[in-house]
Amino acid sequence: MSNSLDTLLSQGTEELRLVADEASLRSWQNRWFGKTGEISNALKRIAEIPAAERREYGQKANAIKEELQAAHDAALLTFREKALEEDLKKGSVDITLPGRRPAPGRLHPSTQTLRKILGIFGELGFEPFTSHEVEEDEVNFGLLNMPPHHPARDMWDTFHTTRPGWILRTHTSPGQIHAMRKAAPGPLRVVLPGMCYRYEQITSRSEIMFHQVEGLAVGEKVHLTDLKGTLLAFIQRLFGDKRKIRLRSSYFPFTEPSMEVDMDCILCAGKGCSLCKKTGWLEILGAGMVHPTVLKNGGYNPETHSGFAFGLGVERIVMLLSGMDDIRQFWANDWRFLKQF
Amino acid sequence: MKISLSWLREMIPLPPLTDLVARLNLAGLEVASLRPIGTEIPKELAPLVGEPGPVWASDKVVFAKILRIDRHPDADRLKLPIVDHGTGEEKPLVTGAPNIAVGESGQTVILARTGSVLFDGHSDVKTLKELKPTKIRGIPSDSMLCSAFELGLSEEHEGIILYPEEIKPGTPAVDVLGDTVVEVDILPNMGRCLSMLGVAREVAALFGGEVCTPEARLAESGDWPAKVTVSIEDPGVSERYSSRAIGGVKVGPSPAWLQRRLSASGMRPINNLVDVTNLVMLEQGQPLHAFDLEKLAVRNNGGAINIRVRDAKAGEILKTLDGQDRKLEPGMLVIADDQGPIALAGVMGGADTEVGPETTNVLLESAHFDPIRIRKAAQALHLPSEASLRFSRGVSATQAGPALERAADLIARLGGGRVASGIIESWPVRHEPRKVVLCGKKIRSVLGVSVPVERVETILNALRFGVKRVGVDPEGSYELEVTLPPERLDIQEGDVDLIEEISRLEGYDRLPSTLLEGTIANRLGNPENDFHNRVRDLVAGLGLQEVITYSLSSPGVDRVIEPELDATGADHIALANPISPERSVMRRSVAASVLEIATANLRQNGAPVQKLFELGRAYLPPGENGRPSEPHRLAIILSGRREAPFWDAKAPETIDLFDLKGTIEEFVELLGLDASQLRLDGKAARPGLHPGRQANIAYRFQGKERPLGFFGELHPRSAQTLGLSGPVVVAEIDLTSLMGVLPTRRVIKGVSRFPMALRDVAVVVDEAVAADAIAREIRAAAGELLGELRLFDIYRGPGVPEGRKSLAWSLGYQAMDKTLADKDIDKAHQKVEERLVRQMGAAIRGR
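Chains A and B supply the protein sequences, listed in that same order. Numbering-wise (our numbering), the first sequence opens with residue 1 and increments by one. Numbering-wise (our numbering), the second sequence opens with residue 1 and increments by one.
Be careful, since some hints might not be right.
Stated by the list, open to error - DMTMM-like cross-link-like pairs, simulated, lysine to aspartate or glutamate; straight-line CA separation at most 25 angstroms:
| # | chain 1 | residue 1 | chain 2 | residue 2 |
| --- | --- | --- | --- | --- |
| 1 | A | K271 | B | D509 |
| 2 | A | K277 | B | E30 |
| 3 | A | K244 | B | E44 |
| 4 | B | K661 | B | E767 |
| 5 | A | K221 | B | E479 |
| 6 | A | K221 | B | D495 |
| 7 | A | K242 | B | D509 |
| 8 | B | K442 | A | E22 |
| 9 | A | K271 | B | E30 |
| 10 | A | K277 | B | D19 |
What the hints assert, rightly or not - Residues from chain B that keep clear of chain A, each with C-beta distances beyond 10 angstroms, as calculated:
| # | residue |
| --- | --- |
| 11 | K468 |
| 12 | G841 |
| 13 | A843 |
The hints are simulated quantities; they were obtained by calculation from the structure and are not laboratory data. Glycine included, each C-beta is placed from N, C-alpha and C at the ideal position.
Use the sequences and the hints to build the structure in full.
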């Protein structure tokens with residue numbers, strides 16, 4: 001009796017050795033482990049075994065079952081491994097094929113740079129103040145110390161609307177008046193971002209529309225040295241902490257003293273290159289101490305209060321930082337341009 | 001202002017050019033360019049040189065005198081001049097110059113010796129070439145006589161320079177003709193530096209030194225050749241009119257030095273009379289005018305010449321020096337005699353009384369005119385001139401006197417005339433010298449640092465301010481009484497103007513850098529700006545590209561989206577001076593400008609996908625007298641393919657209205673709003689959009705529907721006109737309205753830990769029934785237990801009656817506190833089905 005069990009093991013093992021793939025293995029398993037398979041049959045035969053031998057028979061049959069099962073599992077593992085090997089071999093791809101790119105949204109370069117600028121001034125304590133773009137001549141010029149026919153009006157070529165006395169603001173400075181009138185006589189530290197308009201030919205160097213950021217601080221202790229320090233801090237944050245600035249005397253009707261602020265060239269650090277036109281310096285800001293008349297028009301007493309103001313062009317900064325040479329790209333919004341930012 | 005340094009050096013000692021340029025730049029006199037005339041420019045200043053020229057070496061380029069001119073033995077065109085060039089040797093030369101001839105002698109010429117580097121006279125382009133010994137037709141030649149072109153003086157190729165005055169042979173040319181012209185941009189408040197004298201004073205203040213003012217040493221004799229009176233109609237616009245007469249003048253060319261100065265300053269020499277008036281204007285900043293006194297006399301039939309500064313009368317006509325008849329208007333100042341205008345004050349003289357070769361008696365005018373009047377007149381007549389430029393920046397009436405004397409003196413000396421005795425003038429307005437009090441404390445308060453009183457005095461004195469110490473304030477700071485020199489008309493405000501002068505000349509680089517003291521509480525805040533930033537981030541996060549477009553547009557562009565707007569711009573804020581018809585109004589539709597960009601990108605720039613947004617302003621005209629409103633709007637345009645094409649070659653899907661709707665829904669949820677509270681009014685009738693694919697968007701908030709904007713598909717006709725194939729979907733949302741429905745706090749719902757059971761229902765309804773209405777009924781019926789609701793199929797066809805449609809929904813049932821039993825779910829689902837049948841007249845498929 002146990003002999004038949006002995007052949008069972010060798011027979012099963014022998015048949016398993018002939019199994020070549022996973023499909024045949026499944027037939028083998030059916031034949032040996034199925035409901036009417038060899039193993040079930042052998043186990044069912046236990047009833048025919050004399051009682052005294054049943055225990056031994058049962059143990060042996062179970063041992064055979066386990067051994068064959070283990071042999072099956074090992075074979076299965078081998079087949080699977082082999083199949084995986086083959087899949088992997090077949091599944092290799094040309095990794096130089098282009099990737100499937102998500103389509104991200106991006107912010108316009110002017111927005112990105114404007115945010116950087118406002119962020120730095122935010123940390124320096126200046127909060128943004130937004131103002132109108134269609135503005136009264138009186139606020140854009142008159143209250144900023146430029147009465148009609150003031151020669152300084154020639155510095156800005158103005159778009160006039162068909163409604164007399166209303167123009168497109170030529171700079172963010174009229175916002176100074178609005179901000180001061182809101183805050184006076186309290187202290188004020190604001191940045192005024194926004195679009196400004198100039199009546200000009202559109203060329204690679206000049207646009208009819210551009211973003212300006214103007215800064216304004218008014219208080220009882222606001223000095224020219226603070227203006228210099230604030231601008232130095234700003235420029236070093238934006239362009240790197242090695243940057244130096246230079247203040248040149250200039251003229252704006254709404255500040256006194258007035259100055260142009262240059263920084264040493266970001267490419268050549270002052271040695272002279274094509275970006276700075278060999279001068280070593282880049283003109284970056286206009287600035288000055290708020291003119292007493294403007295303070296008065298804003299609601300402050302110039303005897304007790306002083307202020308500083310400065311203004312810069314956002315697109316010019318983007319151009320400096322990115323090496324762009326055509327300002328018309330900003331409002332053309334060509335997707336091939338925008339996706340580079 | 002073009003500054004000849006050889007001229008300036010006669011008025012003030014000059015530092016090295018590099019230092020001069022550096023300090024002028026910092027002090028507000030920005031150097032725009034340098035023009036060397038035979039001189040060498042230091043290397044570090046080379047970028048300022050517009051056109052490099054030859055450097056005339058002192059030992060190589062010298063004056064010479066022609067002793068005689070011999071015939072060339074072999075060539076008729078060539079001549080052999082023998083010159084004295086200061087070495088004692090008689091130097092033979094070879095030249096082909098047409099302006100000297102065999103047999104002549106005595107001319108003063110300029111000789112270049114071997115090794116000189118000059119412009120190549122044989123080339124039309126300016127190329128520098130070193131002079132080397134050579135043989136011309138067999139005769140050795142190691143030097144040459146120079147043309148103006150070779151020296152870099154002018155474009156004149158023909159002939160050699162024949163200098164009109166005798167110069168000692170051997171004198172370096174650079175010592176006589178050499179110069180460096182510094183062109184400086186003059187700021188509006190620096191009108192005083194539109195004169196050599198003004199610049200000399202700045203240099204003196206920056207570097208020290210005494211300014212040498214040219215003095216007139218006038219010898220008067222005899223009576224006036226004609227009877228002249230002068231008067232001023234309105235002393236408010238002309239404070240002074242002074243005149244002198246010079247008789248017996250011989251008009252001719254000016255001497256070389258004068259012509260050189262004018263040329264260096266960018267003015268064309270004309271004759272000795274006009275040149276002197278220009279020279280004195282350049283020197284002192286006071287424009288002058290010379291009238292032909294004879295012509296004045298003839299005009300007045302030999303009677304008295306009554307000159308009057310007056311307002312022009314309407315319809316008066318003056319023929320100006322340029323030969324043009326100018327129609328004058330009140331507001332323009334004229335110089336007139338009894339017959340009518342003879343000059344446009346401060347702008348241009350009249351042709352009738354112009355000085356010319358025949359002139360013998362001159363009436364010289366030196367006057368004060370109101371800057372604004374001159375500026376307006378020059379602008380109105382498009383006649384900018386050197387004179388009007390200076391008058392419109394402001395010239396003090398006190399300057400008229402010295403300039404008149406200086407010019408009369410020069411004319412008499414150069415033109416051989418005599419200055420008639422006495423000045424005839426009207427000077428009704430005389431100002432006391434203005435005084436300003438300047439305190440040390442104020443200087444400290446503006447600049448942030450103290451400036452010692454001695455330093456302040458030095459700077460102000462150098463600029464011709466009178467300074468007197470008048471006291472000490474309670475804090476121990478000085479008080480100064482500063483008297484302003486009359487030419488400082490720019491000083492209007494008082495002490496801060498003086499503080500600017502002090503800081504400007506001290507140099508801003510000496511100031512320390514500090515930060516503002518203390519922090520201040522933010523009083524204004526800008527939640528709107530914060531919200532705009534958030535919107536930009538969210539929309540970009542949804543895969544849309546931000547654009548910024550021209551806010552100047554045309555009615556036509558806006559009318560693509562809003563055809564109801566007036567085509568001529570009557571509904572817009574229009575520009576009075578547009579640069580082009582495309583940019584003639586302020587836009588009313590942000591979406592329309594974004595559409596322009598999408599169109600350009602899709603059609604010209606080869607973009608496969610355009611998902612664009614702009615957060616910008618629309619500009620709406622005000623009602624009567626109000627301020628225009630400039631509401632911020634979010635505009636979205638989607639068009640083209642849903643995704644960029646890929647190499648796996650799946651069929652491209654085209655963007656449609658539901659891409660846009662989904663974007664809007666996701667966007668409002670990202671803002672913390674509930675997309676199910678969006679109310680879409682499909683009955684919107686914007687003619688620019690597809691009639692069946694558009695809606696007004698509102699949001700249900702605090703029991704009311706708040707309008708937010710609209711979205712829809714561009715009308716196919718418009719899309720076709722723009723050359724776009726496939727749908728273009730567009731939305732515009734008003735950001736102020738959107739901000740108004742934002743929740744102040746965001747309530748987050750709990751998440752169930754228990755499994756969700758899915759049940760489907762296919763609802764057959766009439767075509768006209770909106771999906772949204774069915775969803776509302778489902779939600780109402782299922783109540784709390786409905787965790788999820790999704791439409792997964794729309795079917796029309798066999799099994800569904802004509803005119804009806806089947807919408808298949810997947811419902812996810814879920815409770816917060818337990819796993820739902822089948823019978824609970826069945827009960828809930830049955831309620832949903834019953835309600836749909838009852839409320840919507842729906843049939844449930846498969847039931």
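Here's how the hints hold up against the structure:
{"no.": "1", "hint": "K271/A / D509/B", "result": "holds (19 angstroms)"}
{"no.": "2", "hint": "K277/A / E30/B", "result": "holds (15 angstroms)"}
{"no.": "3", "hint": "K244/A / E44/B", "result": "holds (20 angstroms)"}
{"no.": "4", "hint": "K661/B / E767/B", "result": "holds (21 angstroms)"}
{"no.": "5", "hint": "K221/A / E479/B", "result": "holds (21 angstroms)"}
{"no.": "6", "hint": "K221/A / D495/B", "result": "holds (18 angstroms)"}
{"no.": "7", "hint": "K242/A / D509/B", "result": "holds (17 angstroms)"}
{"no.": "8", "hint": "K442/B / E22/A", "result": "violated (98 angstroms)"}
{"no.": "9", "hint": "K271/A / E30/B", "result": "holds (20 angstroms)"}
{"no.": "10", "hint": "K277/A / D19/B", "result": "holds (19 angstroms)"}
{"no.": "11", "hint": "K468", "result": "holds (23 angstroms)"}
{"no.": "12", "hint": "G841", "result": "holds (43 angstroms)"}
{"no.": "13", "hint": "A843", "result": "holds (42 angstroms)"}
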